[in-house]
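Chemist: Below are the chains, spelled out letter by letter.
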Amino acid sequence: MKAKHQRLVLALLAVVAIVGAGLLAMSALKDQAAYFYTPADAKRDHVQPGQAVRLGGMVEGGSIRRAADGVTIDFTVTDGKDTVPVVFRGITPDLFKENSGVVAEGRFDASGRFVADNILAKHDERYMPPQVAGEMHKSESLETGAKVKGGRT
Amino acid sequence: MHIFANPARFLQLARPLTPWLGWAGVVLIAMAVGAGLFITPRDYLQGESVRIMYVHVPAAWLGMAGWSGIAVASLMQLVWRHPLAAIAARAIAVPGALFTAVCLATGSIWGRPTWGTWWEWDGRLTSMLVLLFLYIAYIALAGASSERGESSRVAAIFGLVGAVNLPIIHYSVLWWRTLHQGQSITLTKSSIDSSLLWPLPIALLGFTLLFAAIVLMRMRALLAQGKVEARLKRMAEA
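As they're listed, the protein sequences go chains A and B.
Going by our numbering, the first sequence opens with residue 1, and the numbers climb by one from there.
Going by our numbering, the second sequence opens with residue 1, and the numbers climb by one from there.
All clues given are correct.
Within a straight-line C-alpha distance of at most 30 Å, the following computed DSSO-like cross-link-like pairs (lysine-lysine) qualify:
#, chain 1, residue 1, chain 2, residue 2
1, A, 30, A, 43
2, B, 189, A, 81
3, A, 30, A, 81
4, A, 43, A, 81
5, B, 189, A, 30
6, B, 227, A, 4
These are calculated hints, taken from the structure and not from any lab test.
Looking at chain A on its own, in the form it has when it is part of the complex (with noise of 0.2 Å):
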């Protein structure tokens, strides 16, 4: 065997352990480097109340309800399988409505409602001009609260 080609073959070997030794590190990560709970994960992994965690899922459509001083609001979180129920005091990112990603940061309190600090619209990967969202998703209009049916998520 040349130099040259047992150079070759030790490169190649190390490459390969050391990228196979990251992905095993990072899929042994997968729970621990999620970025938000689902209502399912919360239920499973019995997060405490208190505790500082995120909480994303879709917002249930037509759950969001505003009270009367205006900033606070409470909607549902769903992820097909469990719903929380979520209020929250402030500001909502432009993108944030029912039927659409939502991850709220904050905690649980003792009643199994979630408290958030702050809320986070999630955008999907799907991209499109007004005019075909508007073919797909003929009941959505601008009134606010207006149960949308479609399948956007």
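With chain A's structure known, arrange chain B on it following the hints.
Modeler: Using the frame of chain A, we list chain B on its own:
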């Protein structure tokens, strides 16, 4: 590749190629950005901020492609001792770092109106920031060893090991729940409507050509610098 073991032959090709690549890149970028700003429609949810995509996606691609280039060049340096490999890797590092920074900055500007935050420590954002730090470390390491006048074998090993971050960036949105959205474009389909998508490949090609021109320019500069240093050394010894 062995043809270019002779730097003179490489320069013969690189000198005329640089302006062609650079200007073609600039023209394509102008076309794509112009189309992205004035022709394509706005997005139904994001509104006008969707237009950041035409810079953000090419910047992300070049940030990752740049490190892939460094890794390949490092392998060629370690295994075949190709004389241009170390120079190519050093030449890629600075524009690679720059495009990674552009990707992070444009993403942050997009994130504020869309997500409601400038920065979040999710898997995709964090692994991309790690890539920027890897670039900065690589530049420092390669610069330090070239100043001492040795071939930068440590930098080459670092360039190879750093490549482990590339699949992590790519799969971060699949492995972990992240705030960053999943892949919009795979090899077979795209969830971006075609009326929004078409300038993106033009922008990708344009920025890539510009990147290649910058790399060739920097390689020529590094070769010239090496020549100057060698001559100064001879003069000092004489």
